[in-house]
Amino acid sequence: MTAKIAYGDVEVGTELPAQGFPVTRATLVQYAGASGDFNPIHWNEKFAKEVGLPDVIAHGMFTMAEAIRVVTDWTGDPAAVVEYGVRFTKPVVVPNDDQGTTIEVSGKVAAKLDDNKVRVDLTVVSEGRKVLGMSRAVVQLS
Amino acid sequence: MALDQSFVGRSYPPTEPYEVGREKIREFAQAVGDTNPAYTDQEAAKALGHSDVIAPPTFVFSITFKAAGQVIEDPQLGLDYSRVVHGDQKFAYTRPVRAGDRLTVTSTIEAIKSMAGNEILDIRGEVHDEAGEHVVTAWTKLVARGADAEGKA
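Protein sequence lines, in the order shown, are assigned to chains B and D. So the first sequence is numbered by the UniProt record's numbering: it starts at 1 and just counts up by one. So the second sequence is numbered by the UniProt record's numbering: it starts at 1 and just counts up by one.
What the hints contain is simulated information worked out from the structure, not anything from laboratory work. Worth double-checking, as some hints may not be accurate.
Here are some chain D residues pointing at chain B (derived, C-beta under 8 Å) [to be verified]:
1) L48
2) G49
3) S62
4) Q89
What you are looking at is a predicted structure, and each value in this text was computed from that prediction instead of being measured. For every residue, glycine included, the Cβ atom is placed at its ideal position computed from N, Cα and C.
Take the sequences, apply the hints, and build the full model.
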């Protein structure tokens, strides 16, 4: 593993560059195909509303995949991620227009661990609401 | 109806190997908009010390979740999948998934709980390569909403 960030260069509180990830209905259709998750709540508005959702929602695993990009872009080598977990707290609602919505992700070093590892805590928000809880990664730095 | 606690600790037989393809990794990386060259460019992956292109961290979920189908669809367990939502997801990696891997998954029921009318099922998927080496463990928490909780999620 060859993370481009050195353990000695970060402190508790070091912030990772924040990013916003756009998501439209087209994004969700593409993700459904790539992941094999064709649950209609992710593309069929009528179905989503019938089961009590406000509209079509993004796959939780899509949101989880976007959030870790703040970490993998920071480390350069995605294999630096040795643990990653999230709680799906609120759905990311995706309107049927050209704009869609945005998943805003920020992260900071929450703890320095042994063996050049750090814990990064992520904050993941869409439309002002926190959509992932307990979003944490353990990262192997160089 | 509450799920049967006697299923806690039960493991299901390992799945048939899933062969990880370069183009499948590329397709997944494109779908999440991730242009990290480690996912698509062998030379870039090798420069990072990998023998071939690697998969994004959450790629393996589609393999472990399919394997968890053995649990979800076990008629003896009796989970009502139409009421299921994904509660939590966690991965612990020994190494990244890479192109050419032939991966098997062994799923185990770690816990079954009833809370506020909901049934909560924790499934652990252990992923091994063809040599029998551990690659990643995936923990998936599924929440089956009770009938009276419908519409509140």
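Q) What hints, given by number in increasing order, does this structure fail? A) Those not satisfied: there are none.
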